[in-house]
Amino acid sequence: TQLLEQSPQFLSIQEGENLTVYCNSSSVFSSLQWYRQEPGEGPVLLVTVVTGGEVKKLKRLTFQFGDARKDSSLHITAAQPGDTGLYLCAGPRREYGNKLVFGAGTILRVKS
Amino acid sequence: KAGVTQTPRYLIKTRGQQVTLSCSPISGHRSVSWYQQTPGQGLQFLFEYFSETQRNKGNFPGRFSGRQFSNSRSEMNVSTLELGDSALYLCASSLGSSGGETQYFGPGTRLLVL
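Residue numbers (this note's numbering), protein chains in the order written: chain A, 1 to 112; chain B, 1001 to 1114.
Keep in mind that the hints were calculated from the coordinates and are not lab data.
All values reported here derive from a predicted model rather than from experimental measurement.
Hints are supplied without guarantee of correctness; some may be wrong.
[Stated by the list, open to error] Chain B is faced by these chain A residues, among others (derived, beta-carbon under 8 Å): (1) P39; (2) E41; (3) P43; (4) G66; (5) K99; (6) F102; (7) G103.
The beta-carbon is built from N, C-alpha and C at its ideal position, and this holds for glycine as well.
Excised from the complex, chain A in its bound form (with noise of 0.2 Å):
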């Protein structure tokens, strides 16, 4: 089971349509974070969320760390087809050094 579970697993959409992406846990984190992650390459860190209700925007992209931090969203505006990848989000776990455990990731696909 995962420490961490994300929804949905894959999500197909078209250029322009809006989505959201769940994290969700039943531990409590000490943060959060969201990654990107394109074919052939390694993760890039998009956004850490530090304080419970927290929301950070990054141009189309609005993250939200929920009140018990236990969970967070990431919402896509206006989607394009640059948006494409897979999205993980990850924390820190003291039981390893407060090394990062990931979610699952969701798999977006955005047409054109």
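Starting from the known structure of chain A, fit chain B onto it as the hints suggest.
Then chain B, alone, in the frame of chain A:
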């Protein structure tokens, strides 16, 4: 500043063989972490090295080992390869080892075990 580099990018081995993967961190970064990425299990933490010492370890068997050199470059070794070891192996570097620093990932080494 050059990013994290990993060599080789692709590797094909057969069961029972061993393999060594290499990672060069961003200049000035002293922490290198290794992850295994598979379609079924996703990204899983293998271990972390900081100043030539293993600091943290994930839940992988002893066949997976690593080391770090004085220039912070790191190698990962997998002995007695199994089919299930086929995966993308990613390394990530960061300035320190407290866990709060941003990790920068390399492009990975894709290992196929036949």
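Hints and how they fare:
Annotation: interface hint on P39(A) violated; nearest CB of chain B at approximately 10 Å, more than 8 Å. At about 5 Å, the closest approach between the beta carbon of E41(A) and any beta carbon in chain B falls short of 8 Å, and the interface hint on this residue holds. Interface hint at P43(A): satisfied, since its Cβ lies 5 Å from the closest Cβ of chain B, which is below the 8 Å cut-off. For the restraint placing G66(A) at the interface with chain B, the shortest Cβ-Cβ distance is roughly 20 Å, beyond the 8 Å limit, so the hint is violated.
For K99(A), the interface hint holds, the least distance from its beta-carbon to any beta-carbon of chain B being 5 Å, beneath 8 Å. Hint status for F102(A): holds, given a least beta-carbon distance of 4 Å to chain B, under 8 Å. Nearest Cβ of chain B to the Cβ of G103(A): about 7 Å, under the 8 Å cut. The hint holds.
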